[in-house]
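Chemist: For reference, the chains in residue letters:
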Amino acid sequence: SAVISQKPSRDICQRGTSLTIQCQVDSQVTMMFWYRQQPGQSLTLIATANQGSEATYESGFVIDKFPISRPNLTFSTLTVSNMSPEDSSIYLCSVEGARDESYTEAFFGQGTRLTVV
Amino acid sequence: DAKTTQPPSMDCAEGRAANLPCNHSTISGNEYVYWYRQIHSQGPQYIIHGLKNNETNEMASLIITEDRKSSTLILPHATLRDTAVYYCIVSNAGGTSYGKLTFGQGTILTVHP
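Order-wise, the sequence lines are chains A and B.
End of the first sequence = 117 in our numbering, gap-free, step of one.
End of the second sequence = 1113 in our numbering, gap-free, step of one.
Simulated from the structure, these hints should not be mistaken for lab results.
Fair warning: this is a prediction, and the values are worked out from it, not measured in the lab.
Errors might be hidden in some of the hints.
Stated by the list, open to error - Some but not every residue of chain A turned toward chain B, in silico, with C-beta under 7 angstroms: (1) 42; (2) 43; (3) 77; (4) 92; (5) 108; (6) 109; (7) 114.
Beta carbons are placed, not taken as given, at the ideal position from N, Cα and C, and that holds for glycine.
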């Protein structure tokens, strides 16, 4: 299993500013995933972050708006840049982990609840 | 990944079985069916998964039809703490893209006293 810690758990930010969200995992993982969950909606994948390479972004998400760092195998950051009220969402970090020898599952952090005013 | 269809909401009485259906008619032969749930203000949590056989663990049972086009998650004795959004997802298991999950809208299960 994997235990994921996200910081901050919540924040209220002014429009036009940026917020960096941290994700720390208690074990080394190859890939880390960042999701966004807008109010009342399901989760949408923003990007996949591999250590040592640039993140891969999903359609509708760009690096200038959501820069990601992956400096080592246990840590990643997601920055929400030049924020607007439309960026108000829960941002979640996820990793793939092995529950046992036969399969893997996705583990999620508790999320960062961002409100932009 | 194949798409899934779930009812938007369901109710269940505490102590009774909750049966949550999911349609995945375009599932391919190497795709598994996974169920996750998201309790309010928390990240999603794995429940169970299966390929073609029925599965049971300490949390739930998963019944997959023979043609694999639909499945049912069963919570045998629902409690108030089972109130959550339940997501049915189909995905390859063990591949490098495993963690890249495509979430639908899910089913909001409300367990009432």
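Chemist: All hints are to be evaluated individually against the structure, with a verdict given for each.
Modeler: Here is how each hint holds up against the structure:
no.	hint	verdict
1	42	holds (4 angstroms)
2	43	holds (4 angstroms)
3	77	violated (17 angstroms)
4	92	holds (5 angstroms)
5	108	holds (3 angstroms)
6	109	holds (5 angstroms)
7	114	violated (14 angstroms)
Figure legend: structure checked against the earlier numbered hints; hints not met, in rising order: 3 and 7.
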